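Novice: Listed below, chain by chain, are the residues.
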Amino acid sequence: MKPDCRSFRIRLESTLEGARAQSELTSLAWHEHLLACAECRALLESEEALELLLESLPKPHLPPRLARRVLARLRAGDERREAQLDRLLELDADTRAPGDLARRVLAGLEAERVQPAETRLDALLERARAVDLPEGLGKRVLAHVAEERQLTRRRKPVLMRNSVRLAAAAGLLALLFAWAVWHKSTAPTRERDVAHESVDPRMLEHIEVLEQWDFLRRNDLDAVLSTLPHSDQLLLEMGSEEGLLGG
Amino acid sequence: MKRLHTLLLLLAALAFLAPAFALRADQSDALAGARARFEALAPAERARIEERWQRYQSLSPDEQHELDVRAQRAKELRQRAEQRLAPPLRARVQELPAAQRERILSELVDNETTRIGARMRAILPPEVVQRLEQARPEDRTRYFAKYQAQQRKRVTNYMFERLGARLGLAKEEIDGLKQLPEEQRAARVLELRQRLTQAETREQGLPPGLDQEQWDAWLALPPEEFFERLADHVRERQLAGVDAGIGRSGARRPEIPEQNLQRVRGLRRLQEATQAEPADLVELADTTPEVRAEEVVARTRERCLRVLAEERLAEGAELERLQHLPAPAFAGAVHELLAPLRAPWKAQVQEKH
Amino acid sequence: MANEFDDDPGVRWMRAWQAGDESAFDALVEAYSGQVYALLTRFLGPRANREDLVQEVFLRVVRARERYEPSARFSTFLFRIAYNLSVNETQRGIAREAGRVELGGADHARSPGGMGELADERAPRPDEALERDDVVREVRAAIGRLPENQRMALLLAKYEELPYSEIAEVLGSSEKAVKSLIHRARESLRETLAAYLEEEDA
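The listed protein sequences correspond, in order, to chains F, R and G. Going by this note's numbering, the first sequence opens with residue 850, and the numbers climb by one from there. Going by this note's numbering, the second sequence opens with residue 72, and the numbers climb by one from there. Going by this note's numbering, the third sequence opens with residue 214, and the numbers climb by one from there.
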C-alpha cells in the first residue's frame, strides 16, 4: 500500500468513527489522494454505500407497553421464588404441603424482617397443622433463602480505621508535593495556574506554528510543493521553460 | 507523632515551591499579541494548542526548525490567498470574528496549496514528481528541499549569464549577481527577466496574443506577479498548440488554434471550479462543519457541471452520465478531464520573449 | 461520592432507588427497556425471546441494587449486561439458530403482538415493498453472520452512536480492540454485501 493510501485510509476510518459520518464522508470525495488513486476511491464509495445500507434498515418495532409488561413480570418474579420454595417443600415424598404454604411462609419471612431462627420457621410451618414436617426442612428452606439473599446483600469490605486512613492520605499528599517540587526544579515546563495567569512565553513565541499545526504537519505532495517561497517557485518554472531542470 | 511528621514534610514542600512561584517569567510586549490571541481562544482550543506545544517540544531541533520555516511560508500563503480575494470579499473576511476568519483563511490556503501543487507538478520533470510521490511522506520535504536548492543554483547561474548578456550588463556586475546568497537569487532573476521582456517588447512588439492595455497592466505588477501572468499566458498557448484535440481517438488533427485555445481556457475554468469558492466559504462561515462540508461539495459539483456544459467539455449522454456519478467518481472523472493541463512543459525554442 | 456520571438520568434514578425510592426503578424500566429491546432485536434477530431477555437484564439490575456504583452512563451499564446475556444465549445455541433463521429467513415472525415484526415503522410503498424486503433480509443476515463481538461493536457504533471508549466498556475490552473489531466487521459486510453496494442510486 502506498503511503498516501495508508494515511487516507486512516482519515477515512476516523471519519467513520464519528456519529455524523455521512456528510463528512461525502466531503472526502475531493480528497487530494483520491484524484489519483482508483482503489481508495472505490473504497470510499463502498464505505459510503455501506453506511447508507446500514442506515436504511428499518428500526426495530417496539412492542407497545413493553415497560409495563417487564415491570409486571419482574414483580411476578416473586411468584417464581414461591414455586421454587414449593418444590423444596415437596422434596420429601411423604410430605405434601398445603397449597398456599409457600406464600404464607414467604409473607411471614418478609413480615419478620429479622433473620428468622430455625425454630421460628419451624413454628411458622407448624401453624399449618395438617402437615407433618420432615426433619431439617426449616434448615433447607433457610439455606435457600440465605442463598438468594447473598446475591443482593453487599459485603462491605473491612475499612481501615479512620486514623490509619488519615495518615495514609497525608503521606500521599506529602509525596505528591515532593514530586511536584522535584518536577519543577528538573524540568521547567509550563505551569497551569488556576486563573490561567502564567503561560509559557516560549509557547507563545511559537503560537503561529501551533495554530497552523495541522497544515504544517501535512506532508502530502501539494503541501510540500506549495511551501516553497513564491519567487523560488517561479524560478523553477522559468528553469522548466528554458529546459534547464534536471532529474 | 505521625501527624507531626506529615505536617513537617508539608511545610518543607511548601518552602520549596515558594520560589518557583516567584520566578514567573516576564512578559515582553512582543508576546503580548500572541498572548492576547491565545487567551481569546475557547478552553478546548487552548488545550489543543498546549497539546501541540508538547508535541513540538518532543521533535528534534531539525524538525522544529523545518516547522518554523514552513510556518513562515504558510503565513505568506495566507497573505497571498487573502490578496487574491476580490476587495469586497476581502473586506468581509477581515470583518469576521477571529475564529471564523481563521477557518476561512485556512480553507483558502488549502485551495492555494492545491492550485500551486498542480502548477508545480506540471513544471517539474515527471521522474522528479514520481520520486516525490513514492517517497515516504516524512522524507518528502527533505528530498524536495535538496532538489530545489540544486536547481536554483544552476538555473540562477545560467539566467544571470544570459539575462546579463542580453541586457548588456558588465562582467563584474554579472559576477556579483552570481555571488548573491541563496535567498535573494530567485527574486533578482525575476527582476532582470521583467526588465528584459520590457526592453524586447519595446523593440520587437507585443508577445503574440496580448494587447497593449493588458501588457501595460501586467508591467505594473511586481516581478513575481508579472512572471506568473506571462507564464500562464505562454503555457495556455503552448497547450493549445500541442493539444491536437481531446477527442477519444487521440489522432492528431489539423485544428484551428482558436478552438484549442478556447478548450484550454475551458479546462482552466473547470480547474478553478473544483476549488471552493471564497464567497461560498464566507457565506457558510458560521455553519457547522458537517453542513459546510455537504454544502461545499454540492456547490462544487454544481459549478463543475455548469462549466462542463457551458464550455462544451462534456455533452449529451456523457454529461448525463457524469451528473449521476457518486461524488468520488465524479471528482475522479473531472480529474481525468483536466489531465491535459498537467502535461509537462516543453522548452520553448521559438516563442522566446 | 459525586462522580462524573451523576448527570446521567439513569444513574440518578439508580441512586434514588438505592436510597429507597421504589418508583425510581419503575422509571428506569420505563425509560430504558425500549432501548435494550431494540439492541437485542438488532443483535439477535426477531425470533429470539427478547422480552424475556429484557426482563433478565433488569432482573440483574435488581440484584445489583446494593453494590451498584456508576462507572459509566447507565445505558452503557445496561448494554453490558445485555451483551453478556446475549452471548450466553447464543452460546447455548438456541438463539443462534433462531437468530440465523430469522435474520436470513424468509418466513414471518410470530410475535406476541401478532404483527409481523419485520414491518417498517412507516408503511412501505407498494412498489418498493417487495424489493426492499430482499435487501433488508440480506443485510440483516450479513450482520447476523458476524462474530458476536464484531456485531455488537458495529451495532453500538452505528445505531447507538456510542463512542469507542464506551463500546470498550460494554465489551470489556480496549478502544484499540474495538477499532479493530469495527474495521473487520465493516470489511466483512462490504464483502458479503458487495452486490448491493455496487448498485447506483437512480
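Please note that a few of the clues may not be correct.
Some chain G residues flagged as far from chain F (calculated, every beta-carbon gap over 12 Å) [unchecked claim]:
id, residue
1, S386
2, L402
3, E404
Some chain F residues close to chain G (C-beta under 10 Å, calculated; not the full set) [to be verified]:
id, residue
4, L906
5, H910
6, V919
7, L1093
The hints are simulated quantities; they were obtained by calculation from the structure and are not laboratory data. Fair warning: this is a prediction, and the values are worked out from it, not measured in the lab. By construction, the Cβ of each residue, glycine as well, lies at the ideal position given by its N, Cα and C atoms.
Novice: Does each hint fit the structure? Answer for all of them.
Specialist: Comparing the hints with the structure gives:
Even its closest Cβ contact with chain F, about 16 Å, leaves S386(G) beyond 12 Å, as expected for a residue assigned away from the interface. For L402(G), the condition that its CB be more than 12 Å from all CB atoms of chain F is violated, with the nearest at approximately 6 Å. Listed as a non-interface residue, E404(G) fails to keep its Cβ farther than 12 Å from every Cβ of chain F; the least gap is roughly 10 Å. For L906(F), the interface hint holds, since its Cβ comes within 10 Å of a Cβ in chain G; the closest pair sits about 6 Å apart.
A cut of 10 Å between beta carbons decides the hint on H910(F): the least distance to chain G is about 6 Å, and the hint holds. A least Cβ separation of about 5 Å between V919(F) and chain G falls short of the 10 Å threshold, and the interface hint therefore holds. Violation of the interface hint for L1093(F) is found here, the shortest Cβ-Cβ separation to chain G being roughly 49 Å, above the 10 Å cut-off.
Checked against the numbered hints given earlier, this structure breaks hints 2, 3, 7; the rest are met.
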